[in-house]
Amino acid sequence: MKKLRKPPRLRPGDTVAAISPCNGWAGDERTRWKYELGAAHLREIGLRVVPAPYSLKGSAYLSKHPEARAEDFLWAFESQDVKAIIANVGGNDSHKLIPYLRRDSVEDNPKIFIGYSDAMNLHLFCYSCGLSSFYGDNLLSTVAETGGWHRYSKKWFCKVLFDPNEIGPVEPAREWTWEPPEYADPAHIRTYYPNPGYVRIQGQGTARGRLFGGHTGLQDLADTPLSPTREDFRGVILFLEDIPAFFTPQAIEGFLHWLEEIGALGGLCGILIGKAAENTDFAPQAAVIRRFLSSRGLDELPVLYGLHFGHSSPSCILPYGAMAEIRCDAGAVRFSILDGGVT
1 MKKLRKPPRL RPGDTVAAIS PCNGWAGDER TRWKYELGAA HLREIGLRVV
51 PAPYSLKGSA YLSKHPEARA EDFLWAFESQ DVKAIIANVG GNDSHKLIPY
101 LRRDSVEDNP KIFIGYSDAM NLHLFCYSCG LSSFYGDNLL STVAETGGWH
151 RYSKKWFCKV LFDPNEIGPV EPAREWTWEP PEYADPAHIR TYYPNPGYVR
201 IQGQGTARGR LFGGHTGLQD LADTPLSPTR EDFRGVILFL EDIPAFFTPQ
251 AIEGFLHWLE EIGALGGLCG ILIGKAAENT DFAPQAAVIR RFLSSRGLDE
301 LPVLYGLHFG HSSPSCILPY GAMAEIRCDA GAVRFSILDG GVT
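If you count the sequence shown from 1, position 190 lands on 190 in this note's numbering, and the numbers rise without skipping.
These are computed hints drawn from the structure, not numbers from a lab.
Using N, Cα and C, we set each Cβ at its ideal position, and we do this for glycine too.
It is possible that part of the hints are untrue.
As the list claims (entries may be wrong) - Label pairs and their calculated CB-CB ranges:
#1 Asp223 to Leu338: 33 to 39 Å
#2 Ser59 to Ile262: 22 to 28 Å
#3 Pro249 to Gly197: 31 to 37 Å
#4 Arg296 to Thr206: 20 to 26 Å
Generate coordinates for the entire structure from the input sequences, incorporating the hints supplied.
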């Protein structure tokens, strides 16, 4: 994996730009309230929030104008007043921005970029520019909780983005929910349920590696400028969202085959799988993972399930390139990030 540059930390009073690289819900009449709620929650921790010039144009406009979404991404990096950039919400076509992006805008202006799901493509663009970005909160789906920004998510936002010291142990949340984020009713509050913690799929002992990943859509980037190579996975703890529609037993087996085909499987130090956004049984996927890795002599590769990132609610934040550690001890599993995410 290439060496990445850390961005400067956030400080109270800093400005965060909200962008809509994946879809335009933030500007749609029925969901604009959700953007305003997320912005209010960021202001409560001392940040200023500005919408990027095209970010509130709405879905109808932004779906037809990927160049406008790309321009917002570049504007946010180039604006000297902006210290961090957050994606409003996910989607499915951020890859359309790539032809319009300029590397020098990111390389010359390192700063925090955070988001998850379809924002993975922009994380990979930042990675190609040598910048560590943050797989974490989207404004509408994470920060704009109708019952208040969840204390676990808020804790990790502040710890990872404001504090340059070692992030340290990332403990499981005490509670979680599989209910989808609320976009229709501002009065609706999701119900949270007791969380059983992390689950060891396989592996023993301690493993260290640098964080890299996103979701299984990594394999769909073949023959694009963002396609990861075997070297990008070398010495890596790979993190993957469990997005149920794309994480069936068949899908995960296909993804593992892809890693093998590009020569990346043997270079991994461990695998972290995010908690699903549905209350589903992970046993079928776990069986596929164990069987596949065992047949390749990788029985001891640590694989953990149930971490809080991506579509998981609540969620922590994973800095690309940060050194991380998985410990699979008798009766307990632990995950720690041994670096700070910012300078």
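Now the hints, each set against the structure:
no. : hint                         : in the structure
1   : Asp223 to Leu338: 33 to 39 Å : holds (35 Å)
2   : Ser59 to Ile262: 22 to 28 Å  : violated (35 Å)
3   : Pro249 to Gly197: 31 to 37 Å : violated (23 Å)
4   : Arg296 to Thr206: 20 to 26 Å : holds (21 Å)
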